[in-house]
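Novice: Chains as they are written, first to last, in our numbering: chain A, 1 to 148; chain B, 1 to 148.
Hints are computed from structural coordinates only; laboratory data are not their basis. Incorrect hints may appear among the rest.
When chains are identical, the list treats them as one kind, so a pair holds in a single copy or across two.
[Claimed, not checked] Here are the simulated PhoX-like pairs of lysine-lysine, each with C-alpha atoms no more than 20 Å apart in a straight line:
| # | residue 1 | residue 2 |
| --- | --- | --- |
| 1 | Lys60 | Lys115 |
| 2 | Lys100 | Lys52 |
| 3 | Lys100 | Lys54 |
| 4 | Lys28 | Lys3 |
There are 2 protein chains.
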Amino acid sequence: MVKLLSEVKKAYIAGFLDGDGSIYVRAKPNSDYRFGFQIAPYIILFQSSKEKEKFTELCKLIGFGYMRERKDGVLEYTINKIADIREFLKAIYPFSILKKRQIELMLKILDAKEKIESESDFQALLELVDSYRSLNYSKKRINRVLTP
Amino acid sequence: MVKLLSEVKKAYIAGFLDGDGSIYVRAKPNSDYRFGFQIAPYIILFQSSKEKEKFTELCKLIGFGYMRERKDGVLEYTINKIADIREFLKAIYPFSILKKRQIELMLKILDAKEKIESESDFQALLELVDSYRSLNYSKKRINRVLTP
Chain A
1 MVKLLSEVKK AYIAGFLDGD GSIYVRAKPN SDYRFGFQIA PYIILFQSSK
51 EKEKFTELCK LIGFGYMRER KDGVLEYTIN KIADIREFLK AIYPFSILKK
101 RQIELMLKIL DAKEKIESES DFQALLELVD SYRSLNYSKK RINRVLTP
Chain B
1 MVKLLSEVKK AYIAGFLDGD GSIYVRAKPN SDYRFGFQIA PYIILFQSSK
51 EKEKFTELCK LIGFGYMRER KDGVLEYTIN KIADIREFLK AIYPFSILKK
101 RQIELMLKIL DAKEKIESES DFQALLELVD SYRSLNYSKK RINRVLTP
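Model the full assembly from the supplied sequences, consistent with the hints where possible.
Specialist: Written as structure tokens, this is what we have:
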């Protein structure tokens, strides 16, 4: 479990997430849900499948989540259970430099999600999700081709 | 200077480099050099320019290198002086999980570069550079578009 790791290991994982990870939330239209949307948060770490062995070692440190290999040769390690996301983010928060605001806002979203009683609560949650998405995404995607 | 940082900060930087950084070396044809090639090593960290302030904070921790902003909105922080690369890699090596082999081989290349006396030494160095490049690159580039 990530909360039992040493500070050094938590700091490493915070750096890895800051460098290449995504903290991500969607409001998916879904009529099975009470207010017509499913609020789906994710944490995803990416790596080339060339590094599968070492990346698996890293993901085992984290201890929850699941790995999948995409057809384009990219490994995705996904954490999508609310309790796991919360524990993960709380453990690495003190060490993050680049994603501190995302982590704070995501924890706020998870808290709000848990406390929903009315449609206006849900509306407030949707607004938090929107504000998160505008924090997280730029129009330009990172192009990692080396230029020197 | 990176070697004076705490273990926690070194571990964070190792994680960041493992997630999104490049340790990179080229043998550039250059007739000004004795054996017709310049051996040019680099360490590069990438980040979206949306995160310029926080990324600058991180880069200041490292303490050498320079930042540039590409036209496509990506910040590149580059370390290209041999002494700096060596100090940087030695400081983070104990904490790296995914790039340990790259770091070992790069330090070997820097040592070999320093000790060149003959053309056969240079030939051996070029072979090390080639073996590094085959370690580092897959044909497929990472496509970071989210799929969930």
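Novice: Of the numbered hints stated earlier in the document, which are not met by this structure?
Specialist: 1, 4
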